[in-house]
Amino acid sequence: MTARYLIALQSILIKEITRFMRIWVQTLVPPAITMSLYFVIFGSLIGSRIGEMNGFSYMEFIVPGLIMMSVITNSYANVASSFFSAKFQRNVEELLVAPVPNYIIVLGYVGGGMARGILVGLIVTVLSLFFVTISIYNLAIIILTVVLTSMLFALGGLINAVYAKTFDDISIIPTFVLTPLTYLGGVFYSLTLLPGFWQQLAQLNPIVYMVNAFRFGFLGYTDVNLWLALVVVLSFILVLFSYAMYLINKGIGLRS
Amino acid sequence: MTLALDIKDLHKIYRSGTVALSGIDLQVQQGDFFALLGPNGAGKSTTIGIISALVNKSRGQVKVFGFDLDTELEAAKSQLGLVPQEFNFNQFETLLQIVVNQAGYYGVPRAVALQRAEKYLGQLGLWEKRHARARELSGGMKRRLMIARALMHEPRLLILDEPTAGVDIELRRSMWEFLRTINQQGVTIILTTHYLEEAEMLCRNIAIIDKGRIIENTSMKALLSKLGKETFILDLDQLPDSLQLADFVWRKLDQHSLEVDVEKSAGLNPIFEQLSAQQVKVLSMRNKANRLEELFVTLVEHGRGQAK
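Keeping their order, the protein sequence lines are chains A and B.
In terms of our numbering, the first sequence opens at residue 1 and continues consecutively.
In terms of our numbering, the second sequence opens at residue 1001 and continues consecutively.
Keep in mind the hints are simulated off the structure, nothing from the lab.
The reader is advised that the hints may include incorrect statements.
[Said to hold, decoys possible] With a straight-line cut-off of 30 Å between C-alpha atoms, the simulated DSSO-like cross-links for lysine-lysine are:
#1 B/1229 with B/1008
#2 B/1211 with B/1008
#3 B/1252 with B/1264
#4 B/1229 with B/1281
#5 A/165 with B/1142
#6 B/1221 with B/1288
#7 A/250 with B/1008
#8 B/1264 with B/1221
#9 B/1211 with A/87
#10 A/87 with B/1129
#11 B/1264 with B/1281
#12 B/1288 with B/1226
#13 B/1142 with B/1119
#14 B/1129 with B/1119
#15 B/1252 with A/250
#16 A/87 with B/1142
#17 B/1264 with B/1288
#18 B/1211 with B/1226
Extracted from the complex, chain A is given alone in its bound form (with noise of 0.2 Å):
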């Protein structure tokens, strides 16, 4: 990567992040308070009632789920409605008529969801400190697992703003898809706890996957296999890069 190429990448970047700060009231507080009342509601008022999950406190279970959804949505939404206002406004025609190869285009804005992601997730670890001691088990694999998941979500989110039309495209796979892999991948509850084919099945979830390497990385408990959740990650990961950078090779919703 020259010199070059790296002030472009720098550029979208210092945009993109400039962006979903110049907006924090709705990028970065609306998950606070979200994430607040989960652990107020689940992890306080229900949570004691629930008792244990695998040997421990239930708001010792769901702050590594809740932190991860909170990464997992965020990192899509910036990227989606980022790139997508950036069609709408016509203004990423500022990057396709300069002299940047489609793969800075792509990492730009995939950093920049990352970006949002890992800091929305730095609050809400942070929040979750007022409710619960939180203990580290493995610091490389939260740190791997939450970039990598990031990474993951932000290209979804970048894939979506391109085949988006309208602002309503932008909101029907984080609330037909998104949410209900959350909410079943293993946030609020151990796998153990499902039935013989419904394990099965949740185990075709990749939500899962991510949900429990960064638990392990915090409690030093999984439900599944800890390398096996960072190929299936890895591997998505690759997916969506080659799918992303296809889209954007061909201009789809781009060029005419």
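Since the structure of chain A is provided, determine the placement of chain B on it from the hints.
Positioned in the frame of chain A, the structure of chain B alone reads:
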């Protein structure tokens, strides 16, 4: 010398089946101030879109300063600055963010970009507004912002697609002055405009495009010399009812003005001689219509007549 722009046999058919360009050939010399004119839907914006890589061509070759769009796209893009017809910046960003980021996309380091931002925003009268959001600007300011943005990577070819649309005359004139200055500094400029007076005042060479074909491509001087007849309006102190103007077709507009058709070969002297002889004082004189406008209409109509 390498051409600033070299287009050969350019075709564009949109997915809808609309034929936008049917084999355009166009050459623009380095340092030129070139007008690309044509009625709405003629193919001007498609041509510009293809040159700036926003529209995929169907067939043909485009070279910018010798760099082929098909094989040396990034080098070709680096030579080019585009001022599009529609506002296409993020309305919520500040002017400084818009221009500095744009420079970054071309690989201009941030420190250099900040210096250039001061230079170009300053020259276009926008430096004081650098921290304002783009949406807070007036229409004229937004147009100037797009010019500043296009210059941030110091392109050798600047393409302006109707840069003065909706801009008041005072501002338009200051923009003309600015464009003349950067052209004198060596930047090749291609301009599309609906204000034909603008093209006549600024441009040395001109191409007229209609229905996806170039119907005229020549120097402004050569084009204007094709005009055989002009109509002048003379403002007089008093127009006598008994006025005679031999050898001229003329019409009385009111008690103080008349309209005279003048063949190029006839000259204006006989009119003044005859008016002086009849004790009529001429206060002022002007062209009835823009000369280029007349030619433009004639050429487009003639071209369409041939096409039928």
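Practice task
Verify the proposed pairing of residue 1229 of chain B with residue 1281 of chain B, using a straight-line Cα cut of 30 Å.
Solution key: holds, 24 Å
Exercise for the section: Please work out if residue 87 of chain A and residue 1142 of chain B have their alpha carbons no farther apart than 30 Å. Expected result: Roughly 19 Å separates the two Cα atoms, so the pair holds.
Practice task
Below or equal to 30 Å on CA atoms is what counts here, so check residue 1221 of chain B against residue 1288 of chain B.
Solution key: Holds, because 20 Å separates the two Cα atoms, which is no more than 30 Å.
Handout entry: 30 Å Cα cutoff - pair residue 1129 of chain B, residue 1119 of chain B
Key = holds, 13 Å
Practice task
Assess, step by step, whether the Cα of residue 1288 of chain B is no farther than 30 Å from the Cα of residue 1226 of chain B, and give holds or violated.
Solution key: holds, 17 Å
Exercise for the section: For the pair supplied as a hint, residue 1142 of chain B and residue 1119 of chain B, confirm whether the alpha-carbon distance does not exceed 30 Å. Expected result: Measuring from Cα to Cα gives roughly 17 Å; hence the hint holds.
Exercise for the section: For the pair supplied as a hint, residue 165 of chain A and residue 1142 of chain B, confirm whether the alpha-carbon distance does not exceed 30 Å. Expected result: holds, 26 Å
Practice task
Starting from residue 1229 of chain B, check that the Cα of residue 1008 of chain B is at most 30 Å away, please.
Solution key: violated, 35 Å
Practice task
For the pair we were handed, residue 1211 of chain B and residue 87 of chain A, check the Cα-Cα distance against 30 Å.
Solution key: Answer holds: residue 1211 of chain B to residue 87 of chain A is near 28 Å, not above 30 Å.
Problem - 30 Å limit on alpha-carbon distance, applied to hinted pair residue 87 of chain A and residue 1129 of chain B - result: Within the cut-off at roughly 26 Å; holds.
Practice task
For the pair supplied as a hint, residue 1264 of chain B and residue 1221 of chain B, confirm whether the alpha-carbon distance does not exceed 30 Å.
Solution key: holds, 14 Å
Exercise for the section: For the pair supplied as a hint, residue 250 of chain A and residue 1008 of chain B, confirm whether the alpha-carbon distance does not exceed 30 Å. Expected result: holds, 24 Å
Of the numbered hints given earlier, the model fails hints 1, 15; all others are met.
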